[in-house]
Amino acid sequence: MEPYSYDKSFELYDRAEKVIPCGIYGHLGVGRSRLNPMGCYPLFSERAEGTYIWDVDGNRFIDYACAYGPNVLGYGDPDVDAAALAQLKKGNCTTVVSPVMIECAEELIKTVNCADWAFFAKNGGDVTTLAVMAARHATGRKKIVMMKSCYHGVAQWCQSPGTPGVLDEEISSNLYATFNDFDGLKELVEAHDGEIACVISMPYSHVSHYDNILPAEDYWKKVRKLCDEKGILLIIDDVRAGFRMDLAGSDHYFGIKADMLCLGKAIANGWNMSALVGAARLKPVIEEMNYTGSYWLSAVPFAASVAALRKMRALDAARRMQEIGAKLTEGLRQVAEANGALLSVTGLPSLFKIILKDPDGSLIPHQRWIGEMVRRGVYISHFHNMFTNVMITDEDLRYTFDVADEALKITLKEHPEIRTV
Amino acid sequence: MDVKDRIRERIAKTVETANADPEGKKIAAKLPDGKLVVEAGEDLVIPILVRGGTLTLADDPSHPKAVCRFSDAGAAWAVLSGTLSPYAATVHRQLDQQGLSPMNETFEKLWTLVRKRDSDLREV
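Chains as they are written, first to last, in numbering that gives the first Met the number 0: chain A, 0 to 420; chain B, 0 to 123.
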């Protein structure tokens, strides 16, 4: 098929670059080689519906990035958006809070296993930060354990040494463990006995650029027990994986109960909100925190979230996304195999990670392959795990496999070294 | 000094900063092991080996983990000297960073540190 071109996108970038740092910044931006090979990805979108986005040049994409997580029921889901727009007519950011906030907390408690209460904010980083502050307040301890190369947002405490603007003092109480290495974690905890407030971790390792790592069978149960024995709070950062593995929480999926669970992204199908939920005994701790934001109690996202949570439960959305993801990843694996290439598929199918392997581990052929897919209408990011949503159809999958095959043949001509046979 | 010599000198300084400077070492610790190749046009190719956060200038550019390819020496010097944003250079295809992104991204932070030191924007 004829590859897309992006003339309008690039014209708009020249305008953006004059008035906005980086032109487009952050995880949707042009930095850190995120959109390389440049020219394969659109820079600006016009609209979105269901599982598709259309860029400003009129090109349509099946979007497996799902806005990097929020799109779980389909862009512009009619039920979620109707609830949001009905609330908008009544009020959104006002001086007095809408009762829909209570409804939203009640829905979360009904849905999420470890939730006895819910505290609302806007972004995932708002609630991971609150969880860590609350753990320190609850335990009177300073140190926190995080996993190496983890991502919990962009606040100073969770950035790595050497990051611009981050002081050593701001991260000097961080201890770093290796995900899935229980013995290493235990050793670290014992070396700092009585000093550690919390362990914060994603439910499994989905570090960008690398294969994802699922926990060993008893890993989480052992971590839970260790935390209980040592008076350490266990925080699961479920911002990315939440509602895609198990509507009751990713901690529930792995057979444990977190003390606090951080939620965002899929929680309101793209309407802007996040939530920290947790155990009843921690509610008084949260009540003592000084923590708020201008838009955190706005009513429209609460209404959207209530509708999204109800619809996800009615559809058994997590199971459905796992099934779609399993078909998708198996099909892509078969395309690679038929072309004599090796595709690694890791993580869970609803938030899968794919890497086209090369002998140098450079990802250069992988980036080429992904780029050629994007310019044929299949939007996949080369660096991040991808997502499924409930609107992806078998026809979308067939189109994806055809594009993957065509793009792989182009890649193999340029990179014959990736052939395994 | 010829622009290509300036680029070679700046890359060598970047390697030195990564290995010896306290702030540079902190940044370089995040570099994955492997080979990074800096290219500026067809005849300026600088391979750099990374092992355990220590950088060494090398000779053989084959089997890179990451490639930082400038369209030409002029674009390379413009980015390295801070007169051209790496973001705009990327979008306008004057800078093409391929391969393991953490390698390119971290090396970019190192050359930015060298530029700031060079222009007295930051105390040594």
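Simulated from the structure, these hints should not be mistaken for laboratory data. You may find that some hints are simply not true.
For lysine-lysine, the following PhoX-like pairs were computed, each having C-alpha atoms within a straight-line distance of at most 20 Å [claimed, not checked]:
1) B:Lys3 x A:Lys147
2) B:Lys25 x A:Lys147
3) B:Lys12 x A:Lys147
4) A:Lys256 x A:Lys310
5) A:Lys221 x A:Lys256
6) A:Lys147 x A:Lys185
(request) Please flag the earlier hints that this structure goes against, numbers listed from lowest up. (result) 1, 3, 4
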